[in-house]
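*Asks:* If you want the building blocks of each chain, they are given just below.
There are 4 protein chains.
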Amino acid sequence: MTPAVGKKATGLIAATFTPLTPEGEINLAEIGPYVDYLLEQQGVKSIFVNGTTGEGMSLTVEERKMLAAEWCSKAKNKLENVIVHVGCMSLKDSQELAQHAGEIGADGIAVISPSFFKPATVGALKMFLQEVAAVVPAVPFYYYHIPAMTGVHLRSRDVLEGIDAEIPSFRGLKFSGSDLMDFGQCVSYSPSHWSLLYGMDEQLLGALAMGANGAVGSTYNYLGSSVNRLISAFNKGDLTMARTLQFQVQDILCYAMDCGFDLAVNKQLMSEVSGLVLGPPRLPLLPCPQSKAVSIARKLKQVLGVQ
Amino acid sequence: MTPAVGKKATGLIAATFTPLTPEGEINLAEIGPYVDYLLEQQGVKSIFVNGTTGEGMSLTVEERKMLAAEWCSKAKNKLENVIVHVGCMSLKDSQELAQHAGEIGADGIAVISPSFFKPATVGALKMFLQEVAAVVPAVPFYYYHIPAMTGVHLRSRDVLEGIDAEIPSFRGLKFSGSDLMDFGQCVSYSPSHWSLLYGMDEQLLGALAMGANGAVGSTYNYLGSSVNRLISAFNKGDLTMARTLQFQVQDILCYAMDCGFDLAVNKQLMSEVSGLVLGPPRLPLLPCPQSKAVSIARKLKQVLGVQ
Amino acid sequence: MTPAVGKKATGLIAATFTPLTPEGEINLAEIGPYVDYLLEQQGVKSIFVNGTTGEGMSLTVEERKMLAAEWCSKAKNKLENVIVHVGCMSLKDSQELAQHAGEIGADGIAVISPSFFKPATVGALKMFLQEVAAVVPAVPFYYYHIPAMTGVHLRSRDVLEGIDAEIPSFRGLKFSGSDLMDFGQCVSYSPSHWSLLYGMDEQLLGALAMGANGAVGSTYNYLGSSVNRLISAFNKGDLTMARTLQFQVQDILCYAMDCGFDLAVNKQLMSEVSGLVLGPPRLPLLPCPQSKAVSIARKLKQVLGVQ
Amino acid sequence: MTPAVGKKATGLIAATFTPLTPEGEINLAEIGPYVDYLLEQQGVKSIFVNGTTGEGMSLTVEERKMLAAEWCSKAKNKLENVIVHVGCMSLKDSQELAQHAGEIGADGIAVISPSFFKPATVGALKMFLQEVAAVVPAVPFYYYHIPAMTGVHLRSRDVLEGIDAEIPSFRGLKFSGSDLMDFGQCVSYSPSHWSLLYGMDEQLLGALAMGANGAVGSTYNYLGSSVNRLISAFNKGDLTMARTLQFQVQDILCYAMDCGFDLAVNKQLMSEVSGLVLGPPRLPLLPCPQSKAVSIARKLKQVLGVQ
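Residue numbers (this note's numbering), protein chains in the order written: chain A, 2 to 308; chain B, 2 to 308; chain C, 2 to 308; chain D, 2 to 308.
In short, the hints are calculated from the structure, not lab data.
Since we're looking at a predicted model, the values are computed, not measured.
Check before you lean on any hint, since a few could be wrong.
Intra- or inter-copy, both count: the list cannot distinguish identical chains.
To be verified - Computed cross-link-like contacts, DSS-like style, restricted to lysine-lysine with a CA-CA straight-line distance of at most 25 Å:
(1) Lys9 <-> Lys75
(2) Lys93 <-> Lys119
(3) Lys293 <-> Lys119
(4) Lys300 <-> Lys77
(5) Lys93 <-> Lys302
(6) Lys8 <-> Lys46
(7) Lys9 <-> Lys46
(8) Lys77 <-> Lys302
(9) Lys9 <-> Lys77
(10) Lys119 <-> Lys75
(11) Lys8 <-> Lys237
(12) Lys93 <-> Lys79
(13) Lys93 <-> Lys46
(14) Lys46 <-> Lys79
(15) Lys8 <-> Lys77
Isolated chain A (complex conformation) (with noise of 0.2 Å):
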């Protein structure tokens, strides 16, 4: 069985945040106006459920899976991809979310690097990788590449050699790197079924100028509208608007880390420009100040112009 060749993943794909109960409990409620929200108030058509914004990590696996059925089942016939981040320190963790995964019909599963132990190679992240893989052949699979959370640093092209063979249901990377000759060279190596998404959304204009077919990122949950405007003039070769709607992203962005910006901060300004009830974030992150969140939330409307 062979994964559907046709639907490429492209565009904007947000990260999305897991919605918490005030008691830190999942809260599945939320997540059916959360996937209204991305599509109509920010044009938001694909989502990465259960990563490092989820707060995948610090979730047990009945979490994980509660989870991902209900984004699937509330994206199904709305949203164009839905791809469940299914990786664990521990393979059989993975492997049994990657089965879950399937079951519950995700368009792909993706998985970082285990980063407690870290693969002292790049043949044996592959063999991590290929493990989880073959739980699922027919789902499309996307390895996720992000060094300054995992520490693990071995290069992208290098994981990439030879994976069709390895893994035939590989179908792209999520890079969320700066290291852009390593991305380079990932687009160049990269046969055309395959989606180079990139990952780190303050910069996302110069991967697009590398070759990205797409990009995944938590700032694209309240600044999805804006970035997609950015990719369009992209398109159209108008550098000069694409370039002036990267510098609102990145003057945000600066803004909200002078303030101390983290994922718990990032969770309470979704909750801010939204209106969605995300709640708090899983220890050990520490709740974000509702002040702080309004602040930065203000800085936004201000820099896009919005009121």
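Based on these hints, arrange chains B, C and D on the given structure of chain A.
*Replies:* Frame of chain A; chains B, C and D shown alone:
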């Protein structure tokens, strides 16, 4: 209910490897002989299970429970202390393991800092630890500090500040770092019922001088007998002998490092030295070529003067 | 006295190697031919001397003066811009070199952050820069940001804040980092008479998209002709061609890196490609085996399709 | 000509600060009183000049010569050992300083690894050291290992391998790192005429247990008297007393670190405690607010129980 006060963890504590079958499944049958080996061949009376050496992070929650239960069962009436490591990336998983450790009669639980999402402050880390400890208030609690693995460089001394009130079951620290100022400050601050356990086997002597109460490490699986003599010499004031024994340990480890020492090699080395059949590591660790372990085992015997 | 406003550094700027005799002494005789080679064979009209590529930090103050004088002399009426790097660990040495650069008619001076003692704050770094610039207020001043070499990770954008008032001769930035958000923010902030020069040759295209005015790098010594075409293609809106040329540069550099690419190899490679006799590097760099440089030169010719 | 064999560097060696005038120029007049203070108030009989504490890298070659000459002159017939640090980024500068140190009768020279360009291998580092040592073959030579400052993490034990043959004047090591396995292996390998000097004052006790012959550090400028008692206690086998004294040093340094301890603060602290007028640091270090040094000095007196 207060934890028993009298049973203070001291001396050598072996951080146990996890026996796997050739197919990579948990091999409970090897645990009984393992306990006997430590006691009879190495004079080691305490163990730390499912930690870094035990590949805890690569195991599922269910596997960790099975292992913890078997270690407690086989150690009963034989060993003095079984400390079960219950740290996970997910607080909920850690709580579930803590609950289980209490039910099976573990002598203590230990928790490492989560390392995918890293606590930004000492306060965040302590809230995480507290939430785990609170599940089993009668079980002695140990904090496990190992910055080279976690990337969490918060000072242990700051973690200890006022922890008695926050975690009444707090009983000590496994300190696997080279910062002996931080370690010394922990010793200096600790009441007599805490155990300050040092975790870098290659420089234990420095930590003993600084006031360590004991040591937790992987090499005590196969060098316990030798390091027991090191501790005796130190306690008798015979620094020359203690130093000679410490240098032997270093000679062996340097040789191993030059061969490419990692947890997989370490595990295979234990199989070679002990005759136990511990099996391969789990991905992302790659199995060690047997010849490498044989070569290190030969060096070990040569340095220790055993045949 | 104000620096001439009209002469803005743009396009490619070769970071020159320092020619040494086989005995390791400065070889001034090679500098004239070097200038001609850059101009005639590579179409490169500006140079950055005594910087990282030029092993500036391994030279004495007197050697740096001799070199700077010779480069300025030989470049006269031939090249557009000679920027002399005058950064040192010692402020006094930097000031002496700045004074000298002014005397010999350098078109600009550049200063790197000191890196043994690292400035703790942006303010400390700016005071250092200011003390150097003040010695020659009429000479255009560039700040040289290269965190991977210096370990100084202060944001360039923060360094630029208000720098016009503090250093009236400030004219731009050599940004040798992969953080395109910081670079983009510098572009966004810069008045039109500043030059924002990018310094990671392997991902120049990303920086051009972000608005770079030019590029400073070691590979422009031997890939200048090719990268000039890249810039032309980019300026004409032909991103496909620009990308193809960028990927060629990456192919060559990846091959070199897999061979063990460092400054010594880079220098020997330039000798191979150009026919100039640049000699060995100075300790602590070790000479590159010639076979390695030959092999990389062959790859370069193959990728570029030249014989 | 062979270096005198009998004069082995042992005990405490103060890494001296460099006295500057308020305008930032060398203040030679303070050096005589400085020598007397160390000898009379702290019982410190050896010094290490122009090193990290002395801001050697921020000084010009001429300034370093002036300072070295004055220290040697004022120490004559008073101190036991004056070791002049001659390490620079430039090999030629180091050689010039080594030559000068020999001429002024220094008891030894020390060389740090260059750190802008870092030696890629132990062999490259040793060639650099050898080229400096060869200039003054009769002057005892010390290698200065301080990876946190240089970023050079090559094992000292590997540097020592066979160094007797390569540098006949080799006499020892200033080891400013926390890796006591590497340090222990150096001790274990060293012939009796080498001095293994430890450089992290806050954990000296651990290094004494491992076999250190002495210690070089900045805090011995003002804590020498106290640490001399620590060493005496250790030598008499009174570990309890040694530990108490080590904990005092740690208490003071932890307090200082919480205040933001850097070399500038350290220098101002010495002025406060000693009454010497050492002046400001040089850029890129910023002067320490006096109130901060006063506060740390007060803590110091409180911990040591002096008024």
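*Asks:* Hints first: check each against the structure and report whether it holds.
*Replies:* For each hint, the structure was consulted:
no.: 1; hint: Lys9 <-> Lys75; verdict: within (21 Å within a copy, 54 Å between copies)
no.: 2; hint: Lys93 <-> Lys119; verdict: both (16 Å within a copy, 23 Å between copies)
no.: 3; hint: Lys293 <-> Lys119; verdict: between (35 Å within a copy, 21 Å between copies)
no.: 4; hint: Lys300 <-> Lys77; verdict: neither (34 Å within a copy, 50 Å between copies)
no.: 5; hint: Lys93 <-> Lys302; verdict: neither (44 Å within a copy, 37 Å between copies)
no.: 6; hint: Lys8 <-> Lys46; verdict: within (13 Å within a copy, 48 Å between copies)
no.: 7; hint: Lys9 <-> Lys46; verdict: within (13 Å within a copy, 45 Å between copies)
no.: 8; hint: Lys77 <-> Lys302; verdict: neither (31 Å within a copy, 52 Å between copies)
no.: 9; hint: Lys9 <-> Lys77; verdict: within (17 Å within a copy, 56 Å between copies)
no.: 10; hint: Lys119 <-> Lys75; verdict: neither (35 Å within a copy, 32 Å between copies)
no.: 11; hint: Lys8 <-> Lys237; verdict: within (23 Å within a copy, 33 Å between copies)
no.: 12; hint: Lys93 <-> Lys79; verdict: neither (32 Å within a copy, 33 Å between copies)
no.: 13; hint: Lys93 <-> Lys46; verdict: neither (31 Å within a copy, 32 Å between copies)
no.: 14; hint: Lys46 <-> Lys79; verdict: within (8 Å within a copy, 56 Å between copies)
no.: 15; hint: Lys8 <-> Lys77; verdict: within (15 Å within a copy, 58 Å between copies)
Checked against the numbered hints listed earlier, the structure breaks hints 4, 5, 8, 10, 12, 13; every other hint is satisfied.
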